[in-house]
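Student: As a plain string of letters, each chain reads:
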Amino acid sequence: MLSQSQLKIQQRNRLDNGGRINRGKPITFSFDGRPLMGFEGDTLASALLANGVDVVGRSFKYGRPRGIMTAGVEEPNAVLQIGSTEATQIPNIKATEQMLYNGLVAKPVNGWPNVDFDVMGLLGRVGGDLMTPGFYYKTFMWPKSRWETYEKFIRKAAGLGSSPAVPDVDRYDHMNRHADVMVVGAGPAGLMAALRAAKSGARVLIADEGSEFGGSLLFSKETIDGKPAMQWVADVVEQLGANPQVTMLTRATVNGYHDHNFLTISERRTDHLNDRAPSGQARQRMHKVRAGSVVLATGAHERPLVFANNDLPGCMVASSISHYINRFAVVPGNKLVVVTSNDSGYQCALDWADAGREVVAIIDTRAAPDGVATELALERGIKVMKGSALIEARGKKRVQGAIVAPINTSATFVTGDTQHLTCDTIASSGGWSPAVHLSCHTGSRPVWSSEILGFVPGTTTEQRWSAGAVSGQQSLSDVLADGVKAGQDAANATHASGKADIDDLPVPIASSGNQTHCDAMPVYLLPHTKPCSRSPKQFVDMQNDVTAAGIEMTTREGFESIEHVKRYTALGFGTDQGKTGNINGMAIVANALGKTIAQTGTTVFRPNYTPVSFGVVTGAHTGPLFDPQRFTPMHEWHLDRGAEFENVGQWKRPWYYPVGDETMDQAIVREQLAMRQGVGVLDASTLGKIDIQGKDAREFLARVYTNAWAKLKPGFCRYGLMCSDDGMVMDDGVTACLAENHFHMTTTTGGAARVMSWLEIYHQTEWPELEVFFNSVTDHWATMAIAGPDARKLLEKLTDADVSADSLKFMQCTEATVAGIPARIFRISFTGDLSFEINVAAHYGLAVWKALFEAGEEFNLTPYGTESMHVLRAEKGFIIVGQDTDGSVTPLDINHGWAVVDSKPFSYLGKRGMKRNDFLRTDRKHLVGLRTVDSQAELPEGAQAVRDPAEPIPMTMVGHVTSSYYSAFLKRRIAMGLIKDGLNRMGETVFFPLRDGSVIEAEICSTVFLDPDNQRQKV
Amino acid sequence: MFLIHCPYCEEHREEEEFHAAGQAHLPRPLDPDSMTDEQWGDYLFYRKNTRGEYRELWVHAAGCGKYFNVSRNTQTYEIYATYKTGEVLESTSQMSVGPTGSVLNYRTADKEGS
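From first to last, the protein sequence lines are chains A and B.
Residue 938 in the numbering used here sits at position 938 of the first sequence, and the numbers go up by one each step.
One rule links them: number in the numbering used here = place in the second sequence (from 1) + 1019.
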C-alpha cells in the first residue's frame, strides 16, 4: 500500500477536493505492467488520467500514439484488454466505461513491444502516406493467390485485443421483463420521463449505461430547483425507488431496440467489482424487455473538430474535460487551449480555470460570438480568439502546442498569419450529435436538423417517444420539460395512466434558464494552410485511422454513397462504431460531393449500440443447456451397458454396444449376427408416433399417404409413404389400425415434428370439415423391437397373447400384456426377420426392457444400436427417408410404385405432383442396389457414378451412392444408390472413381440383398 | 421479435411461440388432376414477395397449435391484424392504431380481448 504522499505524487492530476470519488478507498491497479492507484468511484480512464498516463494505445493502421479522448461509450482510443488470468481475459473494454476495482489488470490491445515504443508506429511514420483507403486491397490482392498468405500477417498486425484461450469461468443469465413504459437513459430527460410516467400509474423500467443515474448532470455545475444537480438527481432517484412500480437498472446498456417495442439490455452486474464475479452471482445479465411505450432519452455525444494531428494524446472533446474535473476531480493537463464552434465548448475552460490551471485561449470559429458563454469567459479574463481556428496540434506523444490562425466566415480557408500557442491539452467542440442509434434499429431513418446541426430521430411505427438532447433539446430547462411531456405521452398511450397521481408534474427550474446563446457554426473540418491532402493527418475516425484526406480521396475514386464510403474507408466501423467521427465524415463526404449532409444521409445503425460480450448473449445456454437433449426411458440401461450414442435430432440413441475392447466394426458385426441367428433388440422409442382418432381419420390418411387405407381392418398395420404436393417422398412409416376410427401412425425419428405439423396444417387450412384429431404420443410410448428367428420364443415367455404365426400374422397388431404390463404388439419388421415391436407406456419402458433381458438370457438376447439397424434394414432394401431420398425423388424413383394407389377418389397429396411431365420420363435417377465386383470393396457414401471411367474429366456423372455397409450376415459389402435409368439397367456395370485415383466397379442390382421372397419375416 | 396476437388464445404472445408458414390464402385446388403442369406449378411454387401489406399463415406452435392468418407490413413489420383460418379480412383501414401508428400496445389489446 502506498502512503498518502506517494498517492499524491502518483496521482499528479488529481485535485485535492471535489469529485464523486471515495478518497477513503484507494484502489491499486496496473496498466501495461505499471502499478498505479486510483480511488473508488473512478473509471479506469479517470484513474489513468489522474496518474498522468498519456498514451493508452497505438493506432490500428499507422501505429500512432493515442490517448483518452472522451469520458463515455463513444471513446475510440482507450480500448484495453482487461483480466488478470487467461480465463478472465476481456478484449476491447473501453477504459471510459470500466469502473476501477482492486487488482484490475489492464493492457493495451496493440503496440509492440509496448505502447510507448512501438515498431508499427515507426512503420506508420515511414509508410503512413502510402497507406491510403483500400491500401490492403490495392497492394496485397495481387497476385490474388497470395492474399491468404498476406492476410495472416495483416490480421495479426491489425488485431484489437485477444480472446481468452480457455473457457469463461463466470456465469451469465437472461431475464424477461415487462413494462408499460421503458425509459432509456437516466439523464435529466429520462429521469423526468420516468417520474412522470410512474406518477401516472404506469409500470416503469428505467435503465442507464452509467454506474449511477444522472447522465450529463454527473458533471454539471448547474442547480435544479435551487439544488445542486446531483442532489436533485438523488431526490428523484429516491422518489422513483419508493415507487414499487418502478425498476431502475444501472450499468445496464440498452443495446438493441427490436420490433414491437422489444428491447435488449446488457447489464454488467459484477464487472465493476472484480476480475471474476463473486461466487453465486451472474457476471452479466441480458434483460429482454417488452414495453408498451418506449421513451428514448439517450442524450447526445459531443463531436470533436477535425484538425491536423488531432489524434495526439491530450486532444479531447470539450465536455469530457468537464466530466473528468467535476466528476472525478481529475484535470488531465496543465495548459488548455479550447477550440469550439459553439457555446457549449466554453464550459470546460471555466471548469479548468476553477481547478486552478491555466487556460491559454479559447479559439472560437465564429466571427462574433455574443452569447452568455463568451461573456462569462471574457469576464474571467480568459483570452477568446474569435473568427479563428486551431489548425494543427504539435507534439510527439502528447500535445506540446497548437497552431492557430484566423479563418474566413465559412471556415474553409486560413485568412492570415498563424501563431503558435504552448499548451499540453486541446479541447474541441464541434457541436452535439444526438444518440439516435436505438431510434434507427427498427428501421426508422434519422432526420437532419440544421437547427442543431445533427440527426434527430425520425418517424416510427413503434409506440416510441424521444426526449431531451436526443430529440434536439439543448438547454437543461428544455430537456427537463421535454422529459415530462414524453413521460406523460408514453404513459397515456399505454392506458396505464389515470390510476394514481393525476396532478401535473411541474417542470423543475434549471439555473441556466433561458440565457442568451449564440448560434453554433456548421463546421466540422477546420482548414489548414495546406490543402487537405498535404497537411498533417486530420483524423476523422480515430479507431480506424480514417483521415479527411482519405475520405476526399475515396470520393475522387468514385465512391459516392455513404454506405460505400464507409466500407471502403472503414469509417464508423470498430468497437466505437464511429460515435465521434461519423457526422464529421459525412460532412466531409457531403462537402467533397457538393451536397448537404441531409442529402448524403447516414449509414444504417443496427444493434448492438455498444459491444456486448458473447457470455451475455449466450446466457445460461452453454454446455448441457445449449440445446435440449431427449432420452428414451431405457437410457440408464444403455449407459450401464456402455453404449456409444448417436445424436439424432435432440435424441440420444444407442449407436452400438461395445463389449470389452471391441471396436465399432467388431461390435456391429457381432450385433448383426446375433440378431440374424438368434434374437436382438433395438430401442426404437424415438420413432415418431401420432395417435389419430375421429370418424374421418381413415379418409384423412388416404389423403396424406400415397397408398390405400379404406380397407385396412382393425388389428392390421400398413406401410405408408408420405409425399409433399410436389410428388417428392417426405416421410414413411407403418400405421396401425387400432379400431375403426383409431390409428397409430409412426414416422421417422427426425420427421416426427414435421409430419405432425404437416397433418395439422392440411387439416386446419384445407380440410377442416374432416373430423379427425392428432396427438403426438412419441414420448408416451417406450418401443422395443425384438427381431430374429428366436423373437417369438422370447415373446411367448412374457406375453399372455397368442403370438403364433397363425394368430398374429405379419403386419398384424394386438393389445396384450408383456411382462405383466399392458402393451401393444406390432408384428412388423425393419430387419427382414421375424420381428415384434412392443410398445408400453413410457414409464414402464425400463422395467419391460429389463424383463426382456431376463427372459432373453437363454437366447443370448443382444441389444443392437442404430448402426446395426442401418445395415440390417439395408440388407433387406428398406429405405431411410433423408438418406436414400433427398427431396428430389418420387415413390416411383425409389421403386415404391407398389405403395402408390391412383384409384383413390381423392387426389391425395403428391398425386398431381408425380404426374408432372418430367416425372414421366423413364430415365430418371432410380434407387437401385450396387453390388461391388470386389465383394470387400468399400463404396463411400456420396461417391459419384460414371458409366465410362476412361472418359476425360469432366466425366458424365450418372448418380451417387446413398447407403453403403459391410453386411456381416452376407459377408460382403452392400450398397444402394440413385443411378440414372437404373431400374432399366439391371446387371449393367457402373464405375465409381475415387479421390485417390482408384475406381470401384459395381453391378446394378435389386436393392434387396437378403431374402427376396420375404420368407424370414413371415415365419 | 414480434408480439403476435393469437386469435384462438386471444392473447398477445412472444414470437418465440410461433412459426411462420408462408403466404396465406392459397387454397389447394379442388381438382388438381385436371390442371395443366403450368397451373399446378404456379400453385406449388409461385409466391408473392410484397413490399407492404402481406397476408401470412402463422402457427402458434408452442401454444394452442392453431394456424391463423396475419396481416403484416413487410417493410415496417407492423402487424395490422390476426384472424382465424376461414375468416376474411376485408380491409386494413379499420385497424385500431395506436398514437404513433402502432397497433401493438399489449395493454389495449388485452382489454379488447377480454
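No lab work stands behind these hints, which were simulated from the structure alone.
Owing to the predicted nature of the structure, the values given are computational and were not obtained by experimental measurement.
Don't take every hint at face value.
Unchecked claim - Lysine to aspartate or glutamate pairs mimicking EDC-like chemistry, simulated, CA-CA at most 16 Å apart:
no., chain 1, residue 1, chain 2, residue 2
1, A, Lys797, A, Glu857
2, A, Lys915, B, Asp1056
3, A, Lys911, B, Glu1035
4, A, Lys711, A, Asp726
5, A, Lys288, B, Glu1034
6, A, Lys530, A, Glu636
7, A, Lys288, B, Asp1050
8, A, Lys911, B, Glu1033
9, A, Lys288, B, Glu1035
10, A, Lys911, B, Asp1050
11, A, Lys915, B, Glu1034
12, A, Lys904, B, Asp1050
13, B, Lys1085, A, Glu40
14, B, Lys1103, A, Asp168
15, A, Lys915, B, Glu1035
16, A, Lys915, B, Glu1033
17, A, Lys980, A, Glu857
18, B, Lys1085, A, Glu557
19, A, Lys904, B, Glu1033
20, B, Lys1103, A, Asp886
Student: Could you run down the list of hints and mark each one as holding or not?
Tutor: Status of the hints after comparison with the structure:
Among the hinted pairs, A/Lys797 with A/Glu857 is consistent with the structure: their alpha-carbon atoms are about 12 Å apart, no more than 16 Å. In summary, the hint linking A/Lys915 to B/Asp1056 is supported, as the alpha carbons are separated by about 9 Å, within the 16 Å threshold. Simply put, A/Lys911 and B/Glu1035 have alpha-carbon atoms about 35 Å apart, too far for the 16 Å limit, and the pair is violated. Distance check on the hinted pair: A/Lys711 and A/Asp726 sit about 26 Å apart at the alpha-carbon level, beyond 16 Å; violated.
A threshold of 16 Å between alpha carbons decides the hint, and for A/Lys288 with B/Glu1034 the separation of about 13 Å falls inside it, so the pair holds. Between the alpha carbons of A/Lys530 and A/Glu636 the distance comes to roughly 80 Å, so the proposed pair goes past 16 Å and is violated. Restraint check: the Cα-Cα separation between A/Lys288 and B/Asp1050 comes to about 49 Å, which exceeds 16 Å; the hinted pair is violated. Of the pairs offered as hints, the one joining A/Lys911 and B/Glu1033 is violated, with about 38 Å between alpha carbons and a cut-off of 16 Å exceeded.
The straight-line distance between the Cα atoms of A/Lys288 and B/Glu1035 is roughly 12 Å, inside the 16 Å bound, and the hint therefore holds. Distance restraint check for A/Lys911 and B/Asp1050: the Cα-Cα separation of roughly 11 Å lies within the 16 Å cut-off, and the hinted pair is therefore satisfied. In summary, the hint linking A/Lys915 to B/Glu1034 is not supported, as the alpha carbons are separated by about 39 Å, beyond the 16 Å threshold. Restraint check for A/Lys904 and B/Asp1050: satisfied, since their Cα atoms lie roughly 13 Å apart, inside the 16 Å limit.
For the hint pairing B/Lys1085 with A/Glu40, the CA-to-CA distance comes to about 57 Å; that exceeds 16 Å, so the pair is violated. For the hint pairing B/Lys1103 with A/Asp168, the CA-to-CA distance comes to about 47 Å; that exceeds 16 Å, so the pair is violated. A C-alpha spacing of about 39 Å is found between A/Lys915 and B/Glu1035, which places the hinted pair above 16 Å, so the restraint is violated. This hinted pair does not check out: A/Lys915 and B/Glu1033 have alpha carbons roughly 42 Å apart, beyond 16 Å.
Distance hint between A/Lys980 and A/Glu857 is unfulfilled; the C-alpha atoms sit about 48 Å from each other, more than 16 Å. Proximity of B/Lys1085 to A/Glu557 is assessed by CA-CA distance (about 56 Å); at most 16 Å being required, the pair is judged violated. For the suggested pair A/Lys904 and B/Glu1033, the alpha carbons sit about 43 Å apart, so the restraint of at most 16 Å is broken. Simply put, B/Lys1103 and A/Asp886 have alpha-carbon atoms about 34 Å apart, too far for the 16 Å limit, and the pair is violated.
The earlier numbered hints that this structure contradicts are 3, 4, 6, 7, 8, 11, 13, 14, 15, 16, 17, 18, 19 and 20.
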